[in-house]
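**Q** Chains E and R, in that order, are what the protein sequence lines are. Going by the working numbering, the first residue of the first sequence is number 1, and it counts up by one from there. Going by the working numbering, the first residue of the second sequence is number 1, and it counts up by one from there.
Since the hints were derived computationally from the structure, they do not count as laboratory data. Among the clues, some could well be false.
Said to hold, decoys possible - As a list, the in silico SDA-like pairs of lysine to any residue whose alpha-carbon atoms are at most 25 Å apart:
no., chain 1, residue 1, chain 2, residue 2
1, E, Lys26, R, Lys9
2, E, Lys104, R, Gln85
3, R, Lys9, R, Asp38
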Amino acid sequence: SQQGEEDPQALSIQEGENATMNCSYKTSINNLQWYRQNSGRGLVHLILIRSNEREKHSGRLRVTLDTSKKSSSLLITASRAADTASYFCASHSGGGADGLTFGKGTHLIIQP
Amino acid sequence: NAGVTQTPKFQVLKTGQSMTLQCAQDMNHNSMYWYRQDPGMGLRLIYYSASEGTTDKGEVPNGYNVSRLNKREFSLRLESAAPSQTSVYFCASLITRRVSSYNEQFFGPGTRLTVL
């Protein structure tokens, strides 16, 4: 079963606005990652936050992690049309080589 | 570096046919993974290989077999395809690190499989 659940499932905003996506997970994690998927393409890693971190930044991306609530959020500031894609959170819970558990994703549409 | 490559990109099978999906990475990564993605869903782990010579089941292994041929290559085989296996299949790899350390996975472009 899918561990992560993203919220909202779909989001449409105007270019220049900020986009916030949320993710919940069920079991304890080592780290949580966010990936982007453009239509018909593979996934691209965006950012990783470790279980002992609360906030992390990378360019226009800001991710937060609340392990007490088993939730994370991804904020994209000053959105661009090129940010249109599906965004997935993925949790890593097991040993170093164990696979990731993905959520169902948020489809983000940036209106020009 | 080509990263992670997958072949074929598209495939149509009839129920009961068999096929092998190929995956190769040139990043000298230890671990490799096969996921499937169904419409409107995230990825689900089918099998993974933590290192050459080892394979383990993921969340949805039924109906699939894998082979870690060498460090570079990890193949996924459908022995008797079923319509429920219609999906997009992604291969991924990473350098295995200690628990809680960096675990970014690199993904291939996917194979779109339709089983009629």
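**Q** A separate judgement is required for each hint: does it hold in the structure or not?
**A** Each hint tested on the structure:
no., hint, result
1, Lys26/E / Lys9/R, "34 Å, violated"
2, Lys104/E / Gln85/R, "18 Å, holds"
3, Lys9/R / Asp38/R, "16 Å, holds"
When the structure is compared with the earlier hints, a violation turns up for hint 1 alone.
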